[in-house]
Amino acid sequence: MLDNFDFDVIRRSLPYLFYEGMTFTLTLTALAALGGLIFGTAIALMRLSGYKLLGRIAGLYVDFMRSLPLVLVIFWFYFLVPYIGQWLTGSPRPIKVGAFASSLITFIMFEAAYFSEIMRAGIQSISRGQPAAANALGLTYAQTMRYVVLPQAFRNMLPVLLTQTIVLFQDTSLVYVLSIPDFLGAASKVAQRDGRLVEMYLFAAVVYFTISCIASFGVRRLQSRIAIIR
Amino acid sequence: MNYNWNWKIFFEPNPMGTGTYLDMLLSGLWLTIKTALLAWIIALIFGSIVGVMRTLPSKAAYWFGFCWVEFFRNMPLLVQLFLWFFVLPELLPKAAGLWLKQLPNAPFWTAAIGVGLFMSARVAVQLQAGIGSLPRGQKMAATALGLTTVQGYRYVLLPMAFRIILPPLTSEFLNTIKNTAVAITIGLIELTGQARSMQEFSFQVFEAFTAATILYLLVNAVVVTAMRFLERWVAIPGYITGR
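Chains A and B, in that order, give the protein sequences. Here the first sequence is numbered in numbering that gives the first Met the number 0, starting from 0 and rising by one per residue. Here the second sequence is numbered in numbering that gives the first Met the number 0, starting from 0 and rising by one per residue.
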């Protein structure tokens with residue numbers, strides 16, 4: 000069983016696992032969460048804008064993304080992004096897109112659908128009187144959103160947004176299907192090179208588990224601290 | 000876009016000799032459905048047990064439920080599948096490990112059990128919330144009528160709770176279907192896997208993925224429609240959704 004468990008393979012590969020793998024995973028998570036939030040907020044605003052066509056398009060996008068498996072979406076963008084790049088830049092052949100850029104675009108587009116639903120709920124949780132009051136004060140639509148509605152919606156939804164980011168952190172492991180060395184990809188590369196699947200996969204599981212556990216514990220604390228007493 | 004579209008590719012024979020490319024995708028769809036259904040049954044069974052345990056007065060039961068949920072929720076599904084597929088056979092006694100490794104259809108069983116247990120944590124949380132949403136009086140009334148704890152859950156709490164959480168359970172079922180695609184990493188050639196191999200054989204990337212996308216959307220639509228009927232059928236009279 001654990002008699003020939005080789006702890007040394009973990010120790011030896013630590014620098015590679017964390018400097019390369021975990022850096023990739025965390026950077027991807029942070030940038031995708033940020034991009035997804037911005038893009039998702041835009042989609043939520045489109046859905047709530049009152050323009051039927053705009054709302055319809057945004058709604059279709061969200062439903063479409065949410066009914067596809069992430070793995071399929073990763074493949075889609077991996078093959079599609081070079082062609083879109085070619086179309087945008089007008090170059091004669093599909094442009095080369097790096098592993099990081101490709102997965103970043105994928106996750107931003109995919110997570111935007113989920114973040115938009117959260118932001119939509121957040122915006123709808125603001126009472127009607129607030130935008131009405133802002134309007135009465137003479138604020139424009141953009142100013143109302145920027146100074147009145149969105150800051151509150153964001154604050155109300157912060158715990159949910161962070162929980163979704165933890166899910167995103169776990170989901171980034173799926174870039175494995177493109178053989179990209181994120182944390183799990185790096186662990187699996189070492190595992191296959193040294194024939195140490197058990198050690199590396201157990202270690203990866205422990206690391207993911209620890210980070211997610213601490214993060215969700217932090218979110219729970221935050222939730223009780225920022226809860227608005229009504 | 001200088002891409003050679005060829006929509007007739009679906010009706011050309013595939014190199015595996017199992018009919019056309021379309022047959023290939025459809026067999027992948029069938030495998031996706033089979034895996035998802037088995038995984039969903041596992042998720043419902045374990046999720047119900049764990050969800051109930053989290054509402055019992057017993058501290059030990061609560062903690063078991065808590066650990067179960069945290070364990071399956073805080074690890075990426077991909078890592079969990081790797082643990083079941085690559086690590087578990089090595090940690091078991093030699094004979095059992097060997098039996099596991101030589102199991103025919105190992106990716107299918109691993110995927111169904113792995114995705115099932117992963118989803119069971121989510122079902123458990125939903126069920127716990129459903130039971131928690133019932134008025135306290137229901138449990139008390141059950142006790143006052145002389146029902147044992149088991150009977151109280153069986154005849155009073157669970158029939159209500161399951162009907163209340165049916166809408167979120169629908170989206171968890173949809174998630175189960177989507178999550179089976181992760182099993183492509185342990186060699187399960189389901190719908191996404193078949194689209195991927197079609198792309199590798201025929202170089203028609205976008206046709207293959209478009210077809211897979213449409214099939215996923217269809218499955219989604221069927222499930223959503225069926226569940227809407229079920230929801231209407233089991234709706235609790237007196238609740239907003241009821242008749």
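Hints were generated in silico from the structure; no laboratory data involved. Bear in mind that the values here come from a model prediction, so they are computed numbers and not experimental data. Each residue gets a CB set at the ideal place from its N, CA and C atoms; glycine is no exception. Watch out, some of these pointers could steer you wrong.
As the list claims (entries may be wrong) - Covered stretches of chain B (chain A as the covering partner; in silico rule of three or more C-beta atoms under 8 Å from a C-beta of chain A):
#	region
1	111-117
2	134-144
3	199-208
4	211-220
Said to hold, decoys possible - Partner residues are not named here, just some residues of chain A that face chain B (Cβ under 7 Å, in silico):
#	residue
5	48
6	50
7	67
8	68
9	78
10	169
11	172
12	173
13	202
14	204
15	207
Status of each hint after checking the structure:
| no. | hint | result |
| --- | --- | --- |
| 1 | 111-117 | violated (count 0) |
| 2 | 134-144 | violated (count 0) |
| 3 | 199-208 | holds (count 3) |
| 4 | 211-220 | holds (count 5) |
| 5 | 48 | violated (25 Å) |
| 6 | 50 | violated (25 Å) |
| 7 | 67 | holds (6 Å) |
| 8 | 68 | holds (4 Å) |
| 9 | 78 | holds (5 Å) |
| 10 | 169 | holds (4 Å) |
| 11 | 172 | holds (4 Å) |
| 12 | 173 | holds (6 Å) |
| 13 | 202 | violated (10 Å) |
| 14 | 204 | holds (5 Å) |
| 15 | 207 | holds (5 Å) |
Violation of the numbered hints given earlier is confined to hints 1, 2, 5, 6, 13; the remaining hints are satisfied by the structure.
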